[in-house]
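Trainee: Listed below, chain by chain, are the residues.
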Amino acid sequence: MKVAEDYVIEMLHITKEFPGIKANDDITLQLKRGEIHALLGENGAGKSTLMSVLFGLYQADQGIIKKDGKEVKIKDPNDANRLGIGMVHQHFKLVECFTVLDNIILGVEDTKHGFLQKEAASKKVMQLSEKYGLKVEPDSFVSDISVGMQQRVEILKMLYRDNEILIFDEPTAVLTPQEITELMEIMRGFKKEGKSILFITHKLSEIMAVADRCSVLRKGKYMGTVNIADTTREELSRMMVGREVEFDIKKKSQEVGDVILSVKDMVVASKAHNNNAVKGVSFEVHAGEIVCIAGIEGNGQTELVQGITGLEPLKSGSIELCGKDITNASIRERSKAGMSHIPEDRHKHGLVLDYTLEQNLVLQRYWEPRFQNHGVIKSMEVRNYAEMLIEKYDVRSGQGPVTTARSMSGGNQQKAIIAREIDKDPQLLVAVQPTRGLDVGAIEYIHSQLIAERDKGRAVLLISLELDEVRSLSDRILVIYEGEIVGDFDSVAMEELGLYMAGAKRKDKKEAAS
Amino acid sequence: MKDRKALAENQMFVAILASVASIAIGLIFGSILLLILNPSKAGLGISAILTTGFSSLDQFGKVLYQSAPLMLCGLSVGFAFKTGMFNIGATGQYTIGAFCALVGAIAFQLPWWMCLLLSFVGGAVWGVFPGLFKALFNVNEVITSIMFNWIGMYLVNLLLANMPIMLASAWGASNSDRTANLAQANPGAMIPKGGLDRLFGDSSWINISVFIAIIVAVICWFILEKTTFGYELKACGYNKDSARYAGINANRNIISSMIIAGALSGLGGGLYYLAGTIQYVLEKKTLAMGFNGIPVALLANSNPIGTIFSSLFISYIQVGGSAMQPNFSSESTDIIIAVIIYLAAFALLIRGFITKLLKGGQKEEVKE
Ligand SMILES: Nc1ncnc2c1ncn2[C@@H]1O[C@H](COP(=O)(O)OP(=O)(O)OP(=O)(O)O)[C@@H](O)[C@H]1O
Ligand SMILES: [Mg+2]
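Going down the list, the sequences are from chains G and C.
Note that the numbering used here has the first sequence beginning at 809, numbered continuously upward.
Note that the numbering used here has the second sequence beginning at 4, numbered continuously upward.
Excised from the complex, chain G in its bound form:
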């Protein structure tokens, strides 16, 4: 006897077009009750768009949505909310100058005679937070809390609204490995309670770990759905990219060259507390090597990079780039001296979201004689250059060079930044989490580009929370713990690296600074 499947949500033949591109082309997605359903696809494949259609942010041009077998119209997020659908966006949508609690109740606040009634809300939030192990500080301002906590706030927002269908759009891209493990646990808990989850991620290991089924999209088209139990990582990536993906990186060994970056006794103040974030760090990066700073988030990596790149002043210490003292140099001077920087936060620093893609691609070079003549921008030259980079780095968007950066998919925004920074042909490339939010194919390409830079005799300083990335790319690993460098390795076992990162072990300072 065949029983009809119990689908909570069915999105049937969804088509959604944007200027210049069909983001969703006849996509069908069926979500079973109580399952974790992964959604996989290359950057720009249309995952966020499809989820935004379900959440009521976009209207589909064609196709219907069914909830519990009945057709529904979802015109805006309020409709979605009424149907029990909640979403954590790829780039969070919290009000920075509101407290955590205010953000959670925003839009569904209780009022009495027009005044806010917060006690009951606060109690409910604390209960939820305890029940699911989602630690938050209700009275802190969103601008002051970590990304991980911001995400927990977004999740609490959904729970507070009693949502039964939870959409997570790349929740793990911004999390530390430890937080990722926690999130997976939380998702399993939701599943046990009968909530249904749609989960977007580029990390195949996460899909293999928590998902029941996985649907794959490619260039806006639906490629099929598979049971995780019957599949492998390789098969998933083949479905997604249409070819085999190399997970192992091949790197030939080579002699290092001269010192490119030399940091001496660098001290940088912290914005979060009175203590210094970076406490007298010294190290060198040579031509032809990739040096990786490994560490648990919040141990001074951000400030270290800001000090080197000039976003924050040093309290003391000095920096030399190619033998030139740049301790007090401006950001532009550092850039001219040969420094490139792939920043941690692509929306805050990396892009001017309201500029077009081509304008963003010359953000670090518009002043060069190649792109301007007596202060007049050579638009033809900019266009040609942008087209070249778009082609070379496979940056996908609706309208090519004239697409506004804001409308591009997260991964493609990242690719644009990487293209710009690598193509500047820097002596030193400072790359912070460069592959955050990229699909496996793109990661493969970016990794090969980083290695090509190294092979060309450039210096690369890589800051990454992904231990796999750290291990496979780096020639040397520096471990940072509480603002100090506690280890310096050519090669190291994973377990040992973990001990150093947690501060349980350290090498003698002089030895470490070798």
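Don't read these hints as lab results, they were simulated from the structure.
Warning: the hint list may mix true and false statements.
[What the hints assert, rightly or not] Computed list of lysine-lysine pairs in BS3-like fashion (alpha-carbon distance at most 25 angstroms, straight line):
1. G:Lys1079 <-> C:Lys229
2. C:Lys44 <-> G:Lys901
3. G:Lys881 <-> C:Lys359
4. C:Lys359 <-> G:Lys1232
5. C:Lys229 <-> G:Lys901
6. G:Lys1144 <-> C:Lys243
7. G:Lys883 <-> C:Lys359
8. C:Lys229 <-> G:Lys1144
9. C:Lys44 <-> G:Lys999
10. C:Lys359 <-> G:Lys1186
11. G:Lys1156 <-> C:Lys243
[To be verified] Beta-carbon label-pair distances, calculated as ranges:
12. C:Val221 <-> G:Asp1133: 23 to 29 angstroms
13. C:Ser325 <-> G:Val916: 34 to 40 angstroms
14. C:Asp244 <-> G:Ser1299: 35 to 41 angstroms
15. C:Phe225 <-> G:Pro1177: 18 to 24 angstroms
16. G:Leu820 <-> C:Val23: 48 to 54 angstroms
We treat Cβ as the ideally placed atom computed from N, Cα and C, and that holds for glycine.
Chain G is fixed; fit chain C with the ligands onto it per the hints.
Mentor: Frame of chain G; chain C with the ligands shown alone:
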């Protein structure tokens, strides 16, 4: 459906449609107000507003003449806005610009173009203060600008009161509450009519100022869209952090953009008072012209080319408004004009609405 979507995505089309729609809404509200204020004369009033500007060449000349300073104040507000600054100080810069031009004309007997240059510089000097305070001490430019509006106005009154040669009384007129008539004091300082007066049936208003303003608008557009300087300014306006990351000196840009904004307003003051048809009157209120630059800029969505048209429109309404005088008190005409102008400035709001309509009830949610 397909066509409508394409239209909805055509930014330019939506922007223009939105401006036209908001003008229409402003006019409808204005008419309702007229009906309430004076039902029997409402028809006359409406026709005055709508037709006066085109009723005679003389009146049309006046529309063009008044549009020049409006255009410059609008450019000033719009230019600063592109850099993320709200220049509410246009009126102060305008007043200082007017003063400098008049001093050059009357006290120093300079030719008109040198006087215009003086107004340009004077406005720039007045614009630099809010810029400096913002860049160096992070003081909100709105507060500084408002303070400098009042300082500018009283300073000009004070200086004029102590410069007898500037006043009409020194040049054979009886009143000492206003500056001298340029026709008597220094005809060479009057902006040339360039033969336009003959074209406009001997209109006393018309001169080449509107063309000067249009040229300036085109230059502003060029600077913002085609130069590295404009690229930097707009980057600062859109996202200060990424501008800094790109090595752009945000403080320098804040100051330069306020200098330029100030210079534009100042030039507006020069153009208005050097026509010779109007004398500067010592009053205890800030001049409305600078403030009207705000709706001009809003209506044009800060686009310099759009500013040309929005200033012509607002000037047209103002000329029409002054023709309502006998039937409506000057206060009520002011209210009506204000209602029309400020509703017209709702263009941005209406823009989102139009996109929504065209897309068939679809949310215009930009993704981040
Ligand atoms: N608001 C929009 N306006 C115009 N084009 C858009 C808009 N949103 C998305 N697109 C385009 O639609 C395509 C799909 O984008 P989407 O954000 O759904 O990709 P994605 O699968 O989530 O990718 P990523 O993994 O990089 O986040 C992209 O090419 C993007 O440029
Ligand atoms: Mg996405």
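Trainee: Are the hints correct? Go through all of them and say.
Mentor: Against the structure, the hints:
{"no.": "1", "hint": "G:Lys1079 <-> C:Lys229", "verdict": "violated (38 angstroms)"}
{"no.": "2", "hint": "C:Lys44 <-> G:Lys901", "verdict": "violated (53 angstroms)"}
{"no.": "3", "hint": "G:Lys881 <-> C:Lys359", "verdict": "holds (17 angstroms)"}
{"no.": "4", "hint": "C:Lys359 <-> G:Lys1232", "verdict": "violated (41 angstroms)"}
{"no.": "5", "hint": "C:Lys229 <-> G:Lys901", "verdict": "violated (34 angstroms)"}
{"no.": "6", "hint": "G:Lys1144 <-> C:Lys243", "verdict": "holds (21 angstroms)"}
{"no.": "7", "hint": "G:Lys883 <-> C:Lys359", "verdict": "holds (12 angstroms)"}
{"no.": "8", "hint": "C:Lys229 <-> G:Lys1144", "verdict": "holds (23 angstroms)"}
{"no.": "9", "hint": "C:Lys44 <-> G:Lys999", "verdict": "violated (72 angstroms)"}
{"no.": "10", "hint": "C:Lys359 <-> G:Lys1186", "verdict": "violated (36 angstroms)"}
{"no.": "11", "hint": "G:Lys1156 <-> C:Lys243", "verdict": "holds (9 angstroms)"}
{"no.": "12", "hint": "C:Val221 <-> G:Asp1133: 23 to 29 angstroms", "verdict": "violated (46 angstroms)"}
{"no.": "13", "hint": "C:Ser325 <-> G:Val916: 34 to 40 angstroms", "verdict": "violated (52 angstroms)"}
{"no.": "14", "hint": "C:Asp244 <-> G:Ser1299: 35 to 41 angstroms", "verdict": "holds (37 angstroms)"}
{"no.": "15", "hint": "C:Phe225 <-> G:Pro1177: 18 to 24 angstroms", "verdict": "holds (20 angstroms)"}
{"no.": "16", "hint": "G:Leu820 <-> C:Val23: 48 to 54 angstroms", "verdict": "violated (41 angstroms)"}
Hints 1, 2, 4, 5, 9, 10, 12, 13, 16 from the list above are not met by this structure, while the remaining hints are.
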